[in-house]
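Taken in order, these protein sequences are the chains called W and C. By our numbering, the letter at position 187 of the first sequence is numbered 198, and the numbering carries on one by one without gaps. By our numbering, the letter at position 360 of the second sequence is numbered 361, and the numbering carries on one by one without gaps.
There's no promise every hint is true.
Here chain W is said to cover these stretches of chain C; the calculated rule only asks that three of the stretch's residues, wherever they fall, bring their Cβ under 8 Å from a Cβ of chain W [what the hints assert, rightly or not]:
| # | segment |
| --- | --- |
| 1 | 25 to 36 |
| 2 | 70 to 77 |
| 3 | 175 to 189 |
| 4 | 290 to 300 |
| 5 | 433 to 443 |
Just so you know, these hints were derived from the structure itself, not from any lab. It should be emphasised that the depicted structure is a prediction, and the values quoted were computed from it without experimental measurement. All residues carry an ideal CB built from backbone N, CA and C; glycine is no exception.
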Amino acid sequence: MAWAGDWDVTEQQLAAKIVAVTGAGPAAVEVTNRSSLGQTDVEAIRRGLLESLSGAGLKFGNTDSASVNVQISLSENVREYVWVAEIRKAAGAAATVVLVSKSRTNVGGMTHEAPPISLRKLLLWSSDSHILDAIVINGALPRMAVLYPAQIQFYRLQGDRWMEEQVFPVPHSRPWPRDLRGRLVLRKDRSVEAHLPGVICLGSTANSLSINCHEGDDPWPIGTDQSPLNASFAQTRNFFTGALSPGIGTQNVAPAFYSAAPVPTDHGTSWLLAAVDGRIHLLDGTNDVVLSKLNWGSDIAAVHSSCGTRWQIFSAASGTGQEDVVRAYEMPGREPIAVGSSLSFPGAIASLWTAPDDNAAVAVTHNAETGKYEAYLLTMACSQ
Amino acid sequence: MRHICLRWLAASSLLLAAMCTSAATRPRYGGTLRISTSAVLNSIDPGEAPDSLLRRNLTRLLFDTLVVVDENGAIQPSLADSWNSSSAGQRWQFTLRHGITFSDGSALTSDVVAAALRMANPTWRVISQGDLVTIELETAVLDFPAELSLSRNAILRRGDKLLGTGPFVMSQWEPRHRLVLAARDDYRDGRVFLDSIELEMGKPQREQNITFDLGRTDVIDIAPDQARRAAGEGRRLVNSSPSELMVLWFARDAQSEVERKLREALAMSIDRPLMNRVLLQNDGEAAASLLPTWMTGYGFAFSADANQARAKQLRTEAGPARTWALGYDNDDALARVVAERILLNARDAGLSVQTTLSASADIRLIRIPLTLTNERTELSELFSAMGISPIKLSSSNVESVYSAENTFLQSRRVIPLLHLRYVSGISASVQNWSVGRDGSWDVQEVWLSGRQ
Numbered sequence: 012m013a014w015a016g017d018w019d020v021t022e023q024q025l026a027a028k029i030v031a032v033t034g035a036g037p038a039a040v041e042v043t044n045r046s047s048l049g050q051t052d053v054e055a056i057r058r059g060l061l062e063s064l065s066g067a068g069l070k071f072g073n074t075d076s077a078s079v080n081v082q083i084s085l086s087e088n089v090r091e092y093v094w095v096a097e098i099r100k101a102a103g104a105a106a107t108v109v110l111v112s113k114s115r116t117n118v119g120g121m122t123h124e125a126p127p128i129s130l131r132k133l134l135l136w137s138s139d140s141h142i143l144d145a146i147v148i149n150g151a152l153p154r155m156a157v158l159y160p161a162q163i164q165f166y167r168l169q170g171d172r173w174m175e176e177q178v179f180p181v182p183h184s185r186p187w188p189r190d191l192r193g194r195l196v197l198r199k200d201r202s203v204e205a206h207l208p209g210v211i212c213l214g215s216t217a218n219s220l221s222i223n224c225h226e227g228d229d230p231w232p233i234g235t236d237q238s239p240l241n242a243s244f245a246q247t248r249n250f251f252t253g254a255l256s257p258g259i260g261t262q263n264v265a266p267a268f269y270s271a272a273p274v275p276t277d278h279g280t281s282w283l284l285a286a287v288d289g290r291i292h293l294l295d296g297t298n299d300v301v302l303s304k305l306n307w308g309s310d311i312a313a314v315h316s317s318c319g320t321r322w323q324i325f326s327a328a329s330g331t332g333q334e335d336v337v338r339a340y341e342m343p344g345r346e347p348i349a350v351g352s353s354l355s356f357p358g359a360i361a362s363l364w365t366a367p368d369d370n371a372a373v374a375v376t377h378n379a380e381t382g383k384y385e386a387y388l389l390t391m392a393c394s395q
Numbered sequence: 002m003r004h005i006c007l008r009w010l011a012a013s014s015l016l017l018a019a020m021c022t023s024a025a026t027r028p029r030y031g032g033t034l035r036i037s038t039s040a041v042l043n044s045i046d047p048g049e050a051p052d053s054l055l056r057r058n059l060t061r062l063l064f065d066t067l068v069v070v071d072e073n074g075a076i077q078p079s080l081a082d083s084w085n086s087s088s089a090g091q092r093w094q095f096t097l098r099h100g101i102t103f104s105d106g107s108a109l110t111s112d113v114v115a116a117a118l119r120m121a122n123p124t125w126r127v128i129s130q131g132d133l134v135t136i137e138l139e140t141a142v143l144d145f146p147a148e149l150s151l152s153r154n155a156i157l158r159r160g161d162k163l164l165g166t167g168p169f170v171m172s173q174w175e176p177r178h179r180l181v182l183a184a185r186d187d188y189r190d191g192r193v194f195l196d197s198i199e200l201e202m203g204k205p206q207r208e209q210n211i212t213f214d215l216g217r218t219d220v221i222d223i224a225p226d227q228a229r230r231a232a233g234e235g236r237r238l239v240n241s242s243p244s245e246l247m248v249l250w251f252a253r254d255a256q257s258e259v260e261r262k263l264r265e266a267l268a269m270s271i272d273r274p275l276m277n278r279v280l281l282q283n284d285g286e287a288a289a290s291l292l293p294t295w296m297t298g299y300g301f302a303f304s305a306d307a308n309q310a311r312a313k314q315l316r317t318e319a320g321p322a323r324t325w326a327l328g329y330d331n332d333d334a335l336a337r338v339v340a341e342r343i344l345l346n347a348r349d350a351g352l353s354v355q356t357t358l359s360a361s362a363d364i365r366l367i368r369i370p371l372t373l374t375n376e377r378t379e380l381s382e383l384f385s386a387m388g389i390s391p392i393k394l395s396s397s398n399v400e401s402v403y404s405a406e407n408t409f410l411q412s413r414r415v416i417p418l419l420h421l422r423y424v425s426g427i428s429a430s431v432q433n434w435s436v437g438r439d440g441s442w443d444v445q446e447v448w449l450s451g452r453q
């Protein structure tokens with residue numbers, strides 16, 4: 012919806028052009044909407060146009076009594092609202108056409124319907140820029156770090172608002188690959204790492220902030236505090252090559268994969284890999300087993316909680332329409348079992364990583380309604 | 002990441018394309034996208050005529066322009082990252098982006114840019130200095146950057162072969178038959194997901210359908226009059242907004258008031274809404290304007306309704322008249338049936354029209370692709386495509402463009418008939434395929450699933 016004042020000038024311009032053709036009237040005036048404007052705006056514009064026409068001296072009549080008929084269409088093209096008045100001074104006569112236009116980009120106060128909010132997700136940050144990852148750094152002075160393709164931005168919590176604190180550029184000599192991915196990692200000593208394809212940034216958040224980036228192909232940490240694992244990322248692609256360190260048991264090489272999640276068991280830790288071949292692989296240290304009939308997406312993450320078996324795997328998948336969903340699974344045996352209800356997001360899930368402390372995940376979505384990137388903290392909630 | 006498919010919904014007798022999604026999977030690198038089309042190209046040089054949607058789409062894969070126009074009609078940086086104007090829009094200066102390379106690894110320089118623009122636009126004075134390219138125009142043009150987004154203003158280096166800065170490089174080229182493009186690993190915005198694109202040209206619709214059904218092609222043309230049928234057969238379709246103008250084009254201006262009256266009678270006699278309803282199953286738009294309403298916002302103000310009574314009256318007033326020869330492309334099945342309809346409508350109004358395959362027809366039924374830029378540039382390009390001297394517009398505002406279009410249409414040099422959509426059939430393995438409202442491909446985010 013736009014502020015009424017946004018249309019005043021345009022209404023007066025059109026009214027003046029109409030009256031220049033019709034004279035003082037009487038005229039029958041009809042307003043039709045052919046644009047994407049909502050009903051509230053259309054009604055406001057209709058009232059404004061009639062007032063402006065009256066103010067310009069036009070007298071109104073009905074279609075039968077008035078000799079002049081004015082058909083106003085609220086139209087639009089890709090850049091502008093275009094209002095067209097077709098003025099006929101006799102039935103069947105050729106119309107005189109007058110137009111006015113107004114840019115569609117400078118109409119203030121436009122609002123969008125708020126996306127649905129789930130109780131199991133907490134919106135951390137929203138941006139027009141592509142968010143790759145975000146982490147919250149708890150402490151006496153809580154901070155948040157957000158990773159973008161060109162920079163790492165730190166925010167400090169003041170009251171209930173995140174206020175911009177410091178920005179560190181992420182230089183890179185080669186073009187980023189498409190479907191760019193990146194991950195922020197918070198170490199126990201409160202040092203921060205940012206991993207991007209071919210670039211690693213290291214820094215501290217303990218006292219003053221510092222970040223230094225350099226080019227390199229160091230493997231990315233993809234595990235949790237309890238189950239560490241590093242994997243090499245393909246510098247010009249969007250996946251991990253499959254080279255693992257220190258490896259899963261005797262398995263140092265896995266199929267190329269997009270994401271991985273540990274599955275702690277009584278006998279050690281197995282790993283689920285969302286592989287580039289579109290399948291989910293279970294690596295138990297010796298065997299590589301393909302799990303069938305799983306409709307999982309490319310992004311999975313493990314979360315430690317107080318619910319169920321204490322470890323859940325979050326998996327992104329498609330929902331209805333333009334929605335994506337995140338669903339939680341447990342692995343009591345060798346097959347995942349869905350637990351709880353799914354979370355819906357109004358757009359594609361662009362990334363899903365385990366958050367620091369392993370007790371949550373951070374999902375970044377590209378909101379299809381607003382076009383913004385949104386970082387959410389996802390947690391498991393359960394009855395105690 | 003999601004991939005996108007289309008399903009067709011019947012709503013108010015219009016076919017609407019609606020997005021739906023499948024698994025939330027990340028894009029997969031690799032594979033060859035196989036495209037089959039009935040269109041042919043003798044050359045991939047973007048400066049050569051005639052302009053066509055295929056030429057524009059291939060140009061965008063191989064070459065870049067200084068600026069581009071986004072889906073909202075706004076100018077966005079491409080090879081130029083900033084620009085400014087002086088002398089009230091008569092002098093424009095563009096600053097080039099750093100680090101751009103041609104497909105042979107050589108750097109993009111302002112000298113190369115200036116040479117390319119001079120060749121495409123002999124009346125411009127183009128000066129290069131450092132990272133700057135300055136263009137001096139004969140007259141001021143306030144929305145000039147829109148012209149630089151046109152494919153004929155693509156920046157390329159001519160030598161033994163054409164070199165561009167786009168995401169693909171040409172690896173095989175058989176004029177009128179086949180083109181193979183390979184992805185550039187060093188593309189400035191990141192390598193595309195596809196490894197290559199194979200394009201087969203000059204394929205009849207039937208052959209395209211067969212290869213598509215056999216899984217040998219990923220993307221095919223669907224003729225506008227076949228779109229509903231293809232949807233009914235369960236094909237996955239992607240369509241543009243109505244972006245191709247089908248128009249009757251007279252070989253010369255009306256030479257007398259009598260001739261103008263006869264042309265007016267012909268225009269009044271043609272039942273465009275019926276053509277759209279019967280021949281296109283309402284999937285196009287009856288057109289009385291050159292540019293469609295979605296581009297201008299005013300197209301509906303030109304009435305496309307037939308008025309046989311008025312047509313007969315004008316025919317009677319004009320007196321004796323000779324038979325017009327109406328030519329059309331014999332390979333264009335839609336043009337043939339449209340021409341037959343025009344003959345029937347004209348006969349009802351007392352006009353005599355015969356079809357001919359001769360090149361020396363009085364009237365030609367032609368199809369012209371429209372490009373999303375801005376109203377002034379769109380209209381100007383359209384005149385150029387029809388071989389008509391561009392009208393000098395006093396201003397680029399929508400009312401001036403309406404006025405110019407209205408004046409031109411009243412001359413009855415052309416009679417608009419239909420605005421057609423571009424429709425493509427897309428195989429299930431193609432992900433993220435999308436087209437702009439004017440039919441332009443967006444291949445950079447396309448990837449293939451289930452087939453490498």
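To see whether the hints hold, each was checked on the structure:
no.: 1; hint: 25 to 36; in the structure: holds (count 6)
no.: 2; hint: 70 to 77; in the structure: holds (count 4)
no.: 3; hint: 175 to 189; in the structure: holds (count 4)
no.: 4; hint: 290 to 300; in the structure: holds (count 6)
no.: 5; hint: 433 to 443; in the structure: violated (count 1)
Against the hints set out earlier in the document, a violation occurs for number 5 only.
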